[in-house]
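Asks: Below are the chains, spelled out letter by letter.
2 protein chains.
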Amino acid sequence: MIGVLRIGHRPYRDKRITTHVALVARAFGAQAIWIDCADDRIEANINRVTRKFGGDFKIKSGVEWKEFIHKWKRNSGTVVHLTMYGMPLDKMSSKLKKEKDLLLVVGAEKVPHELYRLADYNLSVSNQPHSEIAALAICLDRLTGGKWIDKEFGGKIKIISSEREKIVKDMGRSG
Amino acid sequence: MIGVLRIGHRPYRDKRITTHVALVARAFGAQAIWIDCADDRIEANINRVTRKFGGDFKIKSGVEWKEFIHKWKRNSGTVVHLTMYGMPLDKMSSKLKKEKDLLLVVGAEKVPHELYRLADYNLSVSNQPHSEIAALAICLDRLTGGKWIDKEFGGKIKIISSEREKIVKDMGRSG
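If you read the protein sequences in the order shown, they are chains A and B.
Sequential numbering of the first sequence, starting at 19, is according to the numbering used here.
Sequential numbering of the second sequence, starting at 19, is according to the numbering used here.
Calculated directly from the structure, the hints in this document are not laboratory data.
Keep in mind that the hints are not guaranteed to be accurate.
The list treats identical chains as one, so a pair stands whether inside a single copy or across any two.
To be verified - With a straight-line Cα cutoff of 25 Å, these simulated SDA-like cross-link-like pairs (lysine to any residue) come out:
1) Lys91 with Lys115
2) Lys109 with Arg160
3) Lys128 with Ile175
4) Lys128 with Gly173
5) Lys33 with Met102
From just these sequences and the hints, can you work out the full model?
Replies: Structure representation (structure tokens):
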């Protein structure tokens, strides 16, 4: 499984960025996101999307991040910290694809230095400053071999690709 | 050239999301971003990054978006609107790579319906809800054939990839 751990979340300041991080995690093939700071609103938002658009994505906030990383490693999982300072993702992705449980850690603006040591790998998606949202999307794209493109979520509603229109199909599922 | 047009920007509410959109545009190979609503602060932020990290990325805010799209098309450019309702990007990317001037339009939460008609193509990066930041990153990744990985920006400072450290190299360039 691939999980995402979001650290440094500040509910007021980061609510939209962390929402995008969570939606990207879900859309591009992660199975769960954990967020360090408790935030009921973001949990409710993401659960609403999942109920509507399908899948079994899990979200939990209020997680002690260091303890969480230690536990992940004790259970033989691999921890990858995405940072512009890390080694290039593309050189590592074939190795990482073979790991059973991957935890992708994305920080907000300031990341505790300790994380660089705790992570099994510090990996960069470009050494230029950009966005943890983009870094996570590209990382999941590479690690899943682009499988998000064909993933069926089996939701209550489904968007049907269209040249000029907004087509939302009611799939008639209760949930 | 590839340019990005950000529409529906609200300086207070969207400042961080639009900043991420602009940084992604720069890092993944676009040459410029235009933003509909005037916002000096975001211009200053992005120009500061470009002065420091290099390249010749341009930013301009306070652009009348409809006029801008019409002008782009009059100059034989192609307009691509990124939306979860559109046709799958991956089926179009080889065709789009041949276009000379591409304008990628990314909206904030609500997008005027007119845009669906004005754009040459409405394209989706997954039909699931996620993030315009992620959509833009994946789109630029596909359209540039992943060339962002090796791009040299020639900045005053450069991040050197490292397994556990933050290495910032002063390139001794004035600017």
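Asks: Compare the structure with the hints numbered earlier in the document and write down the numbers of the violated ones, lowest to highest.
Replies: none
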